[in-house]
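**Student:** Sequence:
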Amino acid sequence: MQFCGRLPADCSDAETISQVGPERVCSKATEPGSRNRRLNTSILIRHTRLSGNCNILIDVGKFFYHSALRWFPTYGIRTSWRGMMIFAIGLTMSSPLFPIYVASRDFEVMKASVLVDKSSIIPGAAVSELQFNIIKEDPFIVHDLEIIPLPVWHGSGYRSLGFRFGNTCYISDVSDIPEETYPLLQDCELLIMDALRPDRSSSTHFGLPRALEEVRKIKPKRTLFTGMMHLMDHEVVNERLLKLRETEGIDVQLSYDEPSTSELVGFQV
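So in numbering that gives the first Met the number 0, spot 82 of the sequence shown is number 81, and the numbers just go up one at a time.
Hints were generated in silico from the structure; no laboratory data involved. Small disclaimer: the values here were computed from a predicted structure and weren't measured. Hints are supplied without guarantee of correctness; some may be wrong.
Computed spacing ranges between beta-carbons, pair by pair [unchecked claim]:
1. Pro182 <-> His142: 24 to 30 Å
2. Thr47 <-> Phe106: 55 to 61 Å
3. Glu245 <-> Pro98: 43 to 49 Å
4. Cys53 <-> Ser26: 39 to 45 Å
No residue lacks a Cβ here, since even glycine has one placed at the ideal position from N, Cα and C.
Construct the complete structure from the given sequences, taking the supplied hints into account.
**Tutor:** Shown next, in the form of structure tokens:
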């Protein structure tokens, strides 16, 4: 299994754009190749089977379409890929049935969309058939790969799911981790986790201090933070995080939109 990179929060994160004006980080994000240029968090897993490679996508945010157009060709994924690419552009391309895995509460919200209720579709339009699979908090299989849900809190009263595949744990939206989830995080080699702000947590997301507390508790071999807002300067924060490797032996960095495959290829199952 190989991670093709993070199709990562926009430099003016949706949670704070109405409260904070343009910052220096946002200005830097306009520079070509800037690692402060961020979209929404996603992860694409390329899973190799005897029958060939398959793609598994986790998280499709409001800017996913733009990320897919930019990065899918880089990793050899055709724009006619029969998967969430079609999902992102409104399912206007003809394709075979393909599965989407979703929690029941989220499926209830999706029922009002054209994805589920097709009564508003123009007759004769080529719309893909989606196979919705309702997941709970039990492990499930996608393309022969076991996915282990990681229940976490994403604000008061909303129980969200991270996912573990092999020795990698991905938790993109979290404000608290219940005790029963920690055993599922044992022996994690790569932890990809939410860290919104540099100074404090919000009601729905870890901030950097809390995220680091969790890293110390979980003890992964390597950690990449994701979902950063515009107050998180990539170079400045990463320079601080590098010092933790010397003082505490913690390998942790901010992720960015174009990590090379070679940086992540070591984490395979």
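**Student:** Next, verify each hint and record whether it holds.
**Tutor:** Quick rundown of the hints versus the structure:
The beta-carbon spacing between Pro182 and His142, approximately 26 Å, falls within the hinted interval of 24 to 30 Å. Judged by the Cβ atoms, the range 55 to 61 Å given for Thr47 and Phe106 is violated: they are separated by roughly 30 Å. The supplied range of 43 to 49 Å is met by Glu245 and Pro98, whose beta-carbon atoms lie about 45 Å from each other. One distance hint, 39 to 45 Å for the beta-carbon pair Cys53 and Ser26, holds here, with the actual separation near 40 Å.
In this structure, the one hint that does not hold is number 2.
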